[in-house]
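Asks: Those sequence lines, one after another, are chains A and B.
The letter at position 117 of the first sequence is residue 117 when you use the working numbering, and the numbering goes up by one with no holes.
The letter at position 86 of the second sequence is residue 86 when you use the working numbering, and the numbering goes up by one with no holes.
Calculated from the structure, these hints are not laboratory results.
Chain B side only, calculated, beta carbon under 8 Å to chain A, not exhaustive:
1) TYR17
2) GLU26
3) LEU72
4) VAL83
5) PRO88
For every residue, glycine included, the Cβ atom is placed at its ideal position computed from N, Cα and C.
Given next are the chains, with one letter for each unit.
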Amino acid sequence: MRDLSDEGLMANIAEGDRGAFEQLVTRHLNRAIALAQRITGNRSDAEEVAQEAFLRVWQTAPRWRLDGALFRTWFSRVLVNLCIDRKRRPGFAPLEAAGDPPDPGIGAENALARDEEAAAVAQAVAELPERQRAALALCYWQEMSNVEAAEVLALSVGAVESLLVRARRTLRQKLGPRLGHAMEERP
Amino acid sequence: MTNDMTLARVRQLVEAYGADPKRWSEAERRAAEKLIGSLINPAADADAARREAAELDALLDRWKVEPPDRTLARRIVAAAEGVPQRRPGELLRTLQTWLAEWFGTGPRWPQLAGLTAALLIGLTIGISDLASLDTSAAGEIDDGSASIATLEAGL
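Only chain B is shown next, with the shape it has when bound in the complex (with noise of 0.2 Å):
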């Protein structure tokens, strides 16, 4: 890796991740530091980068995040003591709990002719339904057009 390693990536290095080796790439961070500790008098571009880094680094510290009050994890514990866990295969379980309460443990046919039948009832609705919502809607712009034609007449 350290052949690899130019003085421009090391800027890139440090235009990404700032001044500090310890943020730099892990994987490029060694042969990055040996490079500058080569060079008898650090290339001018690669200091001044590093240099401009640091600046804004050290503004970045200043923002710090006071850490929290102590009484808030155990708010947060305290509030999953409600919440239930989701177990894998937990909806399956659920279908299977509540076509069980549905369908009982005896002779099933009744049960599902009673739903196929009301199935097919509400298809049967659902379609004619649809049919005669076509009609109208093609009465409505029969109307339209029919509107338009009178006004047409009129001029």
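Isolated chain A, as found in the complex (with noise of 0.2 Å):
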């Protein structure tokens, strides 16, 4: 089973095979995480979408069907739904701070002055529009092709195109000062 795609885990699920389930969940939980919190903003918010996306994935299994369209596309297009759904309930939580822990290996100034530059990202990032957001999320940071990210948000390959350029652009203006900062630490 350890090598079998996901399509073939997903055939598997649909037969209740829990085993299936959980390589499913293994293998693309820290994908499911990191494309919601950067939609939502938010870890807590990040870790219940993804449980409910997997949880979809359970129930709904017997009655997936290929069509043509790979898991990563469908799931992701379920992760995407949930978040904007999310994001559009009334008493949504606030931002977190974003970044990773200080580094030991570097100074605490630089360290500290990473930080400050992952939560102006993220501050940035979350004062986009939802679709722009999601369209930058999937095709700079989770890296899918342009094809694969229209299929996701239901649009077409010009339109992602479009809400990527003009979130790039809201981005240059917001996070200006900081810009050639990154680039000369860039190892």
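From these two lone chains plus the hints, build me the complex, please.
Replies: So this is what it looks like as structure tokens:
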């Protein structure tokens, strides 16, 4: 079962195979959390969305049909829709501070600057319209092709490209003063 | 595709997907890279666009998302244990079971006759209620008009 494709695992899950479900969860959980956190801007929401999306996988597996679409594409669509629904709910939790814990190998001052930059990026992304945010999360951080991202967002490739151009222009404006600094420190 | 590729399109790719060709449109990546490679001095605007995009990319890369706690996967799998799977045709089967429970397997005409009678009685009561509602609503409008007429007469 170790080498089964996602679609093969889905076929087993459709038969009620909990081992296959566990394998699929383990395989996709990190990506799911990363995508959800970049769209919702909030860790606890991201975890709840991921859990809800995987439960939907379990529930709908017997009715899931390949129809030419990859599991990853379908699952990303479920995640993106759940994230957008959650952000539209009243009482949505505000953005959390983003970024990794400071790296002990670099100076404390640099680590602080990196954390601040990460938080500024997270804040600027959170302020983007939801579809621009989703397009950027899919194409930039998830490194999904424009064709696949278009399928996830149910848009044309041209529309996705247009969302990305607008998102990046806005981010350049908002993050302007920080732009050169990150480039200089890049390994 | 190479022949169709232009510097303007390269600039658009950079503006949308960033400086790294691995994120560019797969259908155009090769042609775009070939075009850039063929230039003795890359055009100033395309070069500037890539530099600007690389600056933003470097900043976007700062936002890293930590992997989840190992227990999360276990919690998700455990949560699914109590959740039933939705099988194709499930709704139809539920309806069939419900009908079988209601009507049983014996002769069905007494139950059908009872159901039809109940429906007819319900419809009759419903229609007569609607008629009385119409009358009372018309009465309320008349009352309002009368009040306005009284006020006007007073003025």
